[in-house]
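Taken in order, these protein sequences are the chains called A and B. For the first sequence, our numbering assigns the number 1 to the initial residue and increments by one for each residue that follows. For the second sequence, our numbering assigns the number 1 to the initial residue and increments by one for each residue that follows.
Treat each hint with caution, since some may be false.
What the hints assert, rightly or not - Facing chain B, a subset of chain A residues (Cβ under 10 angstroms, in silico):
id, residue
1, 98
2, 104
3, 167
4, 169
5, 172
6, 184
7, 185
8, 188
9, 191
10, 227
11, 228
12, 229
13, 249
14, 251
As the list claims (entries may be wrong) - List of simulated lysine-lysine pairs, DSBU-like, C-alpha gap at most 35 angstroms:
id, chain 1, residue 1, chain 2, residue 2
15, A, 161, B, 278
16, B, 101, A, 161
17, A, 7, B, 20
18, B, 65, B, 106
19, B, 203, B, 153
20, A, 8, A, 113
21, B, 113, A, 161
22, B, 101, B, 113
23, B, 65, B, 20
24, B, 278, B, 203
25, B, 65, B, 101
26, B, 65, B, 203
27, B, 113, B, 130
28, A, 7, B, 113
29, B, 101, B, 130
In short, the hints are calculated from the structure, not lab data. Even glycine gets a Cβ: it sits at the ideal position worked out from N, Cα and C.
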Amino acid sequence: MRPSIAKKIAIAGLGWGIAIIMFFPIFWMFITGFKTEVDAVSTPPHLFFHPTLQSYVEVQQRANYWLFALNSVIISVGGTVLALLLAIPAAYVMAFFPTHRTRGTLLWMLSTKMLPPVGVLIPIYLILRAVGLLDTRTGLVLIYMLMNLPIVVWMLFTFFKEVPREILEAGRMDGAGRMGELRHVLMPLSLPGIASTGLLSLILCWNEAFWSLNLTSSKAAPLTAFIASFSSPEGLFFAKLSAASTLAVAPILIFGWLSQRQLVRGLTFGAVK
Amino acid sequence: MATVALRDLRKSYANHEAIKGVTLDVEDREFVVFVGPSGCGKSTLLRMIAGLEEISSGDLMIDGKRVNDVGPAQRELAMVFQSYALYPHMTVADNMGFALKLAGVKSEERNAKVAEAARILQLEPYLARKPGQLSGGQRQRVAIGRSIVRNPKVFLFDEPLSNLDAALRGQMRIELARLHEQLNATMIYVTHDQVEAMTMADKIVVLQAGVVEQVGSPLELYHHPANVFVAGFMGSPRMNLIPATVTGVDANGVAISGPGGISVVVPVEPGSLRAGTKVTFGIRPEHLTVDPNGTLNGRALIAERLGGLTLLHVELQDGTLLVVQTDGADATRLHEPVRLSISAPHAHVFGPDGLAAEHLLRNPLTV
């Protein structure tokens, strides 16, 4: 049965409503960045105001945005690539050569995500300090890789499961060997899945704040630290904070928007079959 | 080319044994078909030969060399899978040339071999296409082409025709038989379809529950099944199998009597059969005839008219059902009395252990 017009309108309205509610803070942040500090805190808020780039200029004068942005890019890409490198072979083995422990291992990996990160903050901090990785990009790359590894393995595992076993066996008969099977058959076949997994990992790394704020100070600090640096020291300057936040989330927002088709396809993969 | 020898091959899983000691010789250039009901272990056995499944115990020899611990590619076999298992991201030409590419064969030589296989299989117009753009029959040909290109010692087929429709299946059956002749290759073919087995095989291996029930030529299995299982499995329509009792034994064979007035002397070696032994009496539908002077009385319940021939399902007086194969022009009317006669020389007797009593007369085509 086809839904009635009224039902369609209701569903569309609901969808738009939720989208607007979710998008509103970002929109508000975006326009606040172009206000003066006085306009930014005035009640009731001014809907019409003189846009100014003053906040952006001041933000850039006080902190080098590009250094933080570069750190964010390096750490996110590094953590993601490293996680994929480790997870692809792991997921391949779990999907195609399962033992009676595979399921338990997968669940155990996922269960590590349920541990509150703050519970291991002190040990991790001490370990990084001991090996000299505090406030280094390498340190954060390693932490991000570990943080995302369970999700990345799980996602890849479900994608790989969709590839018919016989195609890999055909590769084996053709003389591909384990690595060849992985490189020439499995990876090309599940490229969309690997891409969406990578995208998700990238976004999670970019948005991560807990570890980056606690384990970096200046040299390796990514954009999350950049925002944080505007939130406390001189009281709350909403316009500057908004400008800084806009700068920090803009790259990943644009990136997410460009890749949304891929992302949605990846996340719903196999759900409707 | 190559011979394959299986010596007491076994495959065990944690809690059951799938292959329970199979010993078999596949001669050079022979077309051997493994046939059996689903779950009988025929695919597992093929995969063990291919190297895709580990061998729990026993020896697998190819050309006299033990290959249990040799990897699938190094066994120099090629396999055609039920689902074709083509690489969807590669063109037809790349699919066929993949093994050669991995083996480091130069592109000129590779292209020549792919072109040759494409010619044999009439795939030339499709070389640049991806598998997704091909029909089922064409994909099947690509899968076969992929195996031909490697020039393997033995071709393995795992139910390659079961995804095709009936017409195409018939056509591919003939193409495969021709290919076997053309390539002069050793082939091992797995199917659950006894028609495929009968039409293509030099040698059929009937498997059930991981055990070889009988090995022989198609006609040998058809005319001289070794046991009740093979008798019932090979042949369509199925052989009539009826519980009966031995009434006497002499030089002419074994006299038996069964329900519905069945009473016949079957020319078989009595062996351990004695008067009173409970046996199974077997008679193929084509060895029963509608005959006004016949000894069996019954009535036809159903007539399956296939055109060229008719299958009558006849109920004897005591309710025993028999399938009778008659002429397409047979005029028997349903629900009216009909008389049948049995061609005793073609009947079978299976002892209490299910094993067939040896026939005194061998079918001339099976000696």
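Here is what the structure says about each hint:
1. 98: Check failed: Cβ of residue 98 of chain A comes no nearer than 13 angstroms to chain B, outside 10 angstroms.
2. 104: At about 16 angstroms, which exceeds the 10 angstroms cut-off, the nearest Cβ of chain B leaves the hint on residue 104 of chain A violated.
3. 167: Holds - the Cβ of residue 167 of chain A comes within 10 angstroms of chain B, reaching about 5 angstroms at its closest.
4. 169: 5 angstroms, holds
5. 172: It holds, given that the least Cβ distance between residue 172 of chain A and chain B is near 5 angstroms, below 10 angstroms.
6. 184: 7 angstroms, holds
7. 185: With Cβ-Cβ at 6 angstroms, under 10 angstroms, it holds.
8. 188: Given a least distance of 5 angstroms, the restraint on residue 188 of chain A holds.
9. 191: Holds: closest Cβ of chain B sits about 8 angstroms from residue 191 of chain A, inside 10 angstroms.
10. 227: 42 angstroms, violated
11. 228: For residue 228 of chain A, the interface hint is violated, since the closest Cβ of chain B sits about 45 angstroms away, which is over 10 angstroms.
12. 229: 47 angstroms, violated
13. 249: Hint violated; residue 249 of chain A Cβ to chain B Cβ min 36 angstroms, cut 10 angstroms.
14. 251: 32 angstroms, violated
15. A/161 <-> B/278: The given pair, whose Cα atoms are some 53 angstroms apart, is violated under the 35 angstroms limit.
16. B/101 <-> A/161: Measuring from Cα to Cα gives roughly 27 angstroms; hence the hint holds.
17. A/7 <-> B/20: This hinted pair is violated, its Cα atoms lying about 62 angstroms apart.
18. B/65 <-> B/106: It holds: about 29 angstroms lies between the C-alpha atoms, which stays within 35 angstroms.
19. B/203 <-> B/153: 18 angstroms, holds
20. A/8 <-> A/113: 38 angstroms, violated
21. B/113 <-> A/161: With a Cα-Cα distance of about 34 angstroms, the restraint between residue 113 of chain B and residue 161 of chain A holds, given a limit of 35 angstroms.
22. B/101 <-> B/113: 12 angstroms, holds
23. B/65 <-> B/20: 22 angstroms, holds
24. B/278 <-> B/203: Between residue 278 of chain B and residue 203 of chain B the Cα gap is close to 32 angstroms, so the pair holds against 35 angstroms.
25. B/65 <-> B/101: Between residue 65 of chain B and residue 101 of chain B the Cα gap is close to 27 angstroms, so the pair holds against 35 angstroms.
26. B/65 <-> B/203: Roughly 22 angstroms separates the two Cα atoms, so the pair holds.
27. B/113 <-> B/130: 19 angstroms, holds
28. A/7 <-> B/113: Between residue 7 of chain A and residue 113 of chain B the Cα gap is close to 61 angstroms, so the pair fails against 35 angstroms, i.e. violated.
29. B/101 <-> B/130: 18 angstroms, holds
Checked against the numbered hints given earlier, the structure breaks hints 1, 2, 10, 11, 12, 13, 14, 15, 17, 20, 28 and satisfies all the rest.
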